[in-house]
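Asker: Here is what each chain is made of, one letter per residue.
4 protein chains.
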Amino acid sequence: MSKGTVVLAYSGGLDTSCILVWLKEQGYDVIAFLANIGQDEDFDSARKKAENLGAKKVFIEDLRSEFVEHFILPAVQANAVYEDRYLLGTALARPCIARRLVQIAQKEQAEFISHGATGKGNDQIRFELTSYALYSDVKVIAPWRIPEFYNRFKGRKDLMEYAQKNDIPLPITPKAPWSMDANLMHISYESGVLEDPKCSAPTDLYLMTKNPDEAPNVPDVLEIEFKNGKHGVGRIDIVENRFIGMKSRGIYETPGGTILLQAHLDIETFTMDKEVRRIKQGLGIKFSELVYNGFWYSPECDFLLHCINKSQENVEGKVQLSVYKGQVYILGRESPKSLYNEDLVSMDKQGDYDPCDASGFIRVNAVRYVRIKSRVKLEAQG
Amino acid sequence: MSKGTVVLAYSGGLDTSCILVWLKEQGYDVIAFLANIGQDEDFDSARKKAENLGAKKVFIEDLRSEFVEHFILPAVQANAVYEDRYLLGTALARPCIARRLVQIAQKEQAEFISHGATGKGNDQIRFELTSYALYSDVKVIAPWRIPEFYNRFKGRKDLMEYAQKNDIPLPITPKAPWSMDANLMHISYESGVLEDPKCSAPTDLYLMTKNPDEAPNVPDVLEIEFKNGKHGVGRIDIVENRFIGMKSRGIYETPGGTILLQAHLDIETFTMDKEVRRIKQGLGIKFSELVYNGFWYSPECDFLLHCINKSQENVEGKVQLSVYKGQVYILGRESPKSLYNEDLVSMDKQGDYDPCDASGFIRVNAVRYVRIKSRVKLEAQG
Amino acid sequence: MSKGTVVLAYSGGLDTSCILVWLKEQGYDVIAFLANIGQDEDFDSARKKAENLGAKKVFIEDLRSEFVEHFILPAVQANAVYEDRYLLGTALARPCIARRLVQIAQKEQAEFISHGATGKGNDQIRFELTSYALYSDVKVIAPWRIPEFYNRFKGRKDLMEYAQKNDIPLPITPKAPWSMDANLMHISYESGVLEDPKCSAPTDLYLMTKNPDEAPNVPDVLEIEFKNGKHGVGRIDIVENRFIGMKSRGIYETPGGTILLQAHLDIETFTMDKEVRRIKQGLGIKFSELVYNGFWYSPECDFLLHCINKSQENVEGKVQLSVYKGQVYILGRESPKSLYNEDLVSMDKQGDYDPCDASGFIRVNAVRYVRIKSRVKLEAQG
Amino acid sequence: MSKGTVVLAYSGGLDTSCILVWLKEQGYDVIAFLANIGQDEDFDSARKKAENLGAKKVFIEDLRSEFVEHFILPAVQANAVYEDRYLLGTALARPCIARRLVQIAQKEQAEFISHGATGKGNDQIRFELTSYALYSDVKVIAPWRIPEFYNRFKGRKDLMEYAQKNDIPLPITPKAPWSMDANLMHISYESGVLEDPKCSAPTDLYLMTKNPDEAPNVPDVLEIEFKNGKHGVGRIDIVENRFIGMKSRGIYETPGGTILLQAHLDIETFTMDKEVRRIKQGLGIKFSELVYNGFWYSPECDFLLHCINKSQENVEGKVQLSVYKGQVYILGRESPKSLYNEDLVSMDKQGDYDPCDASGFIRVNAVRYVRIKSRVKLEAQG
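Chains as they are written, first to last, in UniProt numbering: chain H, 1 to 382; chain Y, 1 to 382; chain S, 1 to 382; chain Z, 1 to 382.
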């Protein structure tokens with residue numbers, strides 16, 4: 001008797017292959033789901049592998065344009081950056097994948113979903129909050145939080161042995177001494193040797209961007225697209241705060257996202273009223289925290305997406321920029337919706353502006369100083 | 001009969017030289033004050049020039065360490081960045097200069113101060129708000145806002161003619177087709193040919209940083225100091241919102257400030273609690289706006305400086321970084337006040353953390369979703 | 001030769017009657033505009049008076065429903081309160097009046113508008129920012145900021161004399177020793193004897209609300225409508241911060257607005273997700289400041305109105321409340337869009353909630369404490 | 001063999017008496033701790049009761065002045081109000097009690113603490129976050145989250161039976177059909193018949209405040225103190241958002257707190273710069289959320305307390321107010337630190353203020369409108 005059907009977020013790697021087999025061992029029927037979000041993967045062989053391991057069904061779906069349109073673009077519009085630096089490449093992919101995961105679960109009348117995320121990270125939260133939001137009765141099996149599982153598989157060695165016993169193909173290439181998460185927007189690297197925050201990341205770690213010293217000696221004036229970044233743009237090394245309250249060290253490369261962010265910041269300030277910008281900046285910071293913490297499908301994220309979207313009505317135009325040796329340089333911008341007024345701002349023309357007005361403006365801004373000074377004087381005398 | 005004494009913020013250039021003479025012409029005694037904040041200037045010859053033009057007294061004062069300690073460092077602690085990009089190099093210098101300006105005015109019993117800032121810019125506000133804050137009865141003479149002055153001097157040509165007539169030495173080097181403001185932290189470039197926001201800045205504009213393509217082919221591991229930046233770090237080209245409501249285009253180079261900002265962001269996140277960081281981030285954004293708008297010496301800026309200072313109590317440690325071809329790369333960090341816990345975060349150790357707790361954490365975070373779903377269901381049925 | 005046409009915001013009182021005549025004296029054609037926003041006024045006799053004083057045209061328009069629908073209701077939705085107490089009764093009326101004022105100016109091809117607001121208050125800003133926003137080329141004549149006017153009319157006595165000389169009917173009732181602004185939402189009282197902030201307001205000052213001790217001894221269960229408040233609800237006495245930087249003392253009575261605010265707060269929390277509420281609360285505070293400062297017709301206020309409006313999609317339902325002796329008591333509420341779940345929250349039922357989850361929730365919320373404690377311990381030992 | 005020692009937050013009531021006995025039954029030594037925070041309780045008989053039930057030790061401690069000085073006063077300074085209405089009377093008491101609880105546990109070398117808070121409420125979180133913050137290795141026994149306990153005691157009836165069997169004295173007075181939490185600041189009422197949000201609270205529910213219709217017919221001019229409120233001030237009925245994600249309905253009476261809050265709001269605005277006030281208002285809202293959610297002893301709450309404390313440096317003075325029939329009326333205020341300037345604000349005097357400055361102030365504030373209008377015009381034409 002089956003305990004029911006589980007849709008497993010399957011990556012094709014060792015961990016989720018073992019989980020697939022283990023779930024079957026526990027008495028579940030397993031449907032494997034693998035999303036194509038632009039990672040470097042042999043999807044055909046992943047399908048075969050899952051079938052061989054006993055998956056009842058295997059879904060492999062191309063979510064790349066959905067990922068770009070519905071997740072990356074809103075984040076660019078929000079200028080979404082977590083803790084001033086991280087562009088949220090993984091955090092944006094998770095709700096995209098999890099959404100499809102629970103859609104499949106609902107279609108296939110599966111009560112359960114499962115994933116291979118650890119019990120200490122953000123991804124478990126992102127997967128599961130999305131799942132609860134879209135399929136409120138779903139039951140989650142998170143093996144890395146189940147004592148029978150994590151006590152049995154204490155390290156990679158245990159997984160390897162289990163794989164051997166269960167005809168799970170072993171990885172051909174030796175495992176890098178860190179873990180990785182890749183999609184069309186970025187690659188993140190963490191744990192393993194990277195856990196020591198004072199150790200420099202190895203120079204051969206980066207897969208998506210060239211080392212800036214090997215980058216071309218000629219800058220590119222950009223056509224914006226999400227592709228491998230030959231100029232080494234978008235590498236960061238940060239210690240960040242996980243939702244769960246730990247600090248963790250991550251190394252990220254986000255070439256296209258970095259360029260898009262810089263370009264968007266530029267054209268936004270060019271076309272958006274400054275006070276709207278100020279309010280929207282606060283909303284964007286809040287949005288970034290929510291996305292990082294896994295609340296993409298929450299009422300407040302819906303609300304913020306709506307507000308941010310409204311703020312973008314007039315944000316259009318062209319930004320010229322060059323990318324060179326790891327850096328993005330804005331060169332110029334133009335827009336039919338520009339709020340920049342060359343006559344008004346020009347030092348050489350008076351435009352529609354009476355400089356005398358500034359005297360009143362400044363003096364009125366100083367009115368509240370006066371009383372404070374008098375108080376200070378009184379206190380000094382008193 | 002003198003109309004009184006004016007302390008003039010004197011730069012040694014054509015504009016303030018003409019203003020010096022014009023103020024005397026209007027019947028004032030003029031004291032010239034020139035601050036050394038690290039700009040490239042021949043201070044001796046500037047002193048002689050001012051004396052020759054009839055200044056009653058000339059004060060030339062070295063404010064460099066005051067500028068670094070009391071203005072730049074608090075800004076670094078605040079991660080102060082205006083509109084997500086501008087590091088406030090000019091905005092920080094203004095209150096430092098104006099503070100000394102009014103101190104001199106008070107000491108010399110001068111009723112008036114004067115400056116050469118235009119009527120459209122931020123600097124007039126920064127100078128004057130500082131002045132009103134510290135010397136509330138001061139009277140400000142801002143020639144570029146006085147019709148008799150600005151109607152008489154409609155362009156550089158009028159100033160040149162006036163200079164010739166009044167034995168004001170003409171600038172030897174031809175004027176760059178833009179205006180500049182330099183100090184030890186940064187140089188800003190604006191107006192003139194830069195007023196067209198779609199035109200790229202000339203490559204020979206930059207004086208403080210090397211072009212990245214001429215930068216050394218070997219990165220430097222950094223010793224942090226405010227010096228010329230041979231790696232081309234810290235160049236930006238932005239359209240920003242002036243306090244006065246106009247958008248203006250500015251090009252900035254801030255090599256040391258950029259490195260310091262990156263280093264500080266890193267060590268701060270490493271040593272500061274995440275929720276304190278979140279609150280402090282908001283205060284830092286507010287602080288940046290205030291500094292940009294000229295409110296350094298305001299009650300609210302005092303308050304924020306105090307709060308931000310408190311937040312820095314445990315922010316200490318070392319950041320290793322490399323600078324190469326226009327970019328700063330963080331390599332590693334260590335701190336006696338680190339809140340990073342390698343055991344706790346490690347994927348390979350369990351540390352003091354029970355992964356099962358995460359299940360409850362996630363489910364409780366999803367509690368409020370449930371009711372919303374039910375409502376949605378009811379509405380769909382209704 | 002006329003200097004042009006002015007549309008004057010005419011109140012029917014002594015000040016604006018004098019201004020009307022004075023404007024004519026200065027060579028302008030004057031159109032008088034008087035808005036009915038629910039104040040107690042004999043509009044027919046005001047029309048005759050303005051005609052007799054030489055107004056070229058007189059517009060008297062009923063803006064009451066526009067005021068309620070387009071200004072008061074959005075403010076209620078925003079829970080708009082300035083500095084935690086003032087419900088913005090005057091601030092909301094100003095853009096409503098000024099909008100019509102400039103519409104008339106445009107229709108009548110008048111280049112000028114004028115008003116009787118003082119040079120120290122908020123109303124001048126509210127009138128004029130609205131006017132510049134909607135009719136950017138308009139020219140404003142603000143007599144109380146024109147030296148020839150305010151030096152000539154230094155007090156009420158001068159106005160009375162001028163009125164007598166110019167056949168301006170003198171007020172029949174003696175002037176109250178304070179100034180008032182009334183509309184259907186509220187009456188404000190300020191200046192005169194109220195300027196001493198430690199003096200209690202006279203008990204016979206209030207016109208809109210009964211003294212609570214004379215209020216009925218039986219509470220009313222409410223039907224919400226903007227009418228005179230017989231229960232004495234909504235009186236406040238505050239010192240507030242004007243936009244212009246002064247603190248001023250105001251006494252307000254806003255019976256209907258107070259009841260609506262309480263009712264709206266109640267039903268909003270009942271039907272709105274808590275995190276949406278939190279974001280929206282911040283937007284509402286910003287909105288209140290903008291309205292107070294006169295920025296109703298600004299891009300940022302537009303943006304906020306849009307966002308706040310979005311947040312109200314599910315805010316509907318009925319609130320039962322009683323009003324008694326100056327106070328509003330919420331009794332109960334119900335809503336088809338309620339997010340309140342009696343089963344879930346009940347102490348007597350378990351509902352769809354596993355109390356064990358709370359243990360994990362709490363422990364994960366405490367994860368970041370651990371490291372801080374260790375640091376503190378280390379420091380104590382060190 | 002004892003499993004160890006538990007310090008139990010003991011209230012003297014049925015629930016915690018049963019928990020005391022149950023904990024002994026489970027093999028623990030139990031120390032009972034009862035805090036006097038101003039609730040109406042016979043502490044002597046509570047002590048005897050706990051001793052009779054087998055408590056190894058009983059600590060009854062008077063925390064009233066600590067509660068007032070270290071918890072209530074900072075909250076008043078913060079103008080702490082949760083979701084615009086709740087004055088946090090229970091939320092403030094919890095960390096005060098829990099702090100002493102873990103101090104006793106540490107002194108008595110007890111590994112465990114226990115409390116009678118339910119698994120759905122905020123109090124469990126407040127107790128436990130405080131405990132983890134101050135005693136990071138403490139182990140928490142929360143019976144209402146332990147299946148063996150809550151499945152055994154499904155309702156009051158089960159507790160009563162258990163009491164009878166175990167010689168636990170039964171409550172003499174019949175239980176009110178709701179639960180209560182009282183301290184010197186407030187009483188809260190929730191659950192039971194109050195769980196239906198549309199049902200009015202019974203008029204005889206309130207214990208701390210008189211019904212306004214029975215309140216004296218003469219107002220009191222106030223001397224501020226935390227005592228029973230004979231004027232019926234401070235009653236609210238709200239639906240609020242628990243940290244745990246549920247909405248719950250609470251009825252509160254906080255007479256003294258309400259008066260203090262109104263008085264503090266008044267004197268604060270009178271003596272504090274308006275922009276400091278604005279920043280501090282945001283910090284106070286954040287502070288209120290943290291206190292509500294149980295984060296009193298968190299790094300961010302420490303930080304906020306420090307900042308808010310700084311903001312209060314000049315907040316001093318006297319507020320005259322009257323309380324009458326459920327409402328607080330501010331009558332006047334005075335302060336040696338007042339920033340109110342009667343001359344400056346007066347309509348009858350010009351003071352140190354040039355009304356002409358306001359023209360420039362307003363026009364500069366409208367500068368950014370101009371460009372937007374042109375864009376709109378262009379779009380209309382285009």
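Where hints are given, some of them may not hold.
Within a straight-line C-alpha distance of at most 27 Å, the following computed DSSO-like cross-link-like pairs (lysine-lysine) qualify [as the list claims (entries may be wrong)]:
#1 139/H with 154/Z
#2 337/Y with 310/H
#3 310/S with 198/Z
It is worth saying that the hints were derived from the structure and are not from the lab. Because the structure is a prediction, the values reported are computed rather than measured.
Asker: So, for every hint listed, does it hold in this structure?
Answerer: Hints, verified against the model:
1. 139/H with 154/Z: It holds: about 26 Å lies between the C-alpha atoms, which stays within 27 Å.
2. 337/Y with 310/H: 43 Å, violated
3. 310/S with 198/Z: 26 Å, holds
Taken one by one, the earlier hints fail for this structure only at number 2.
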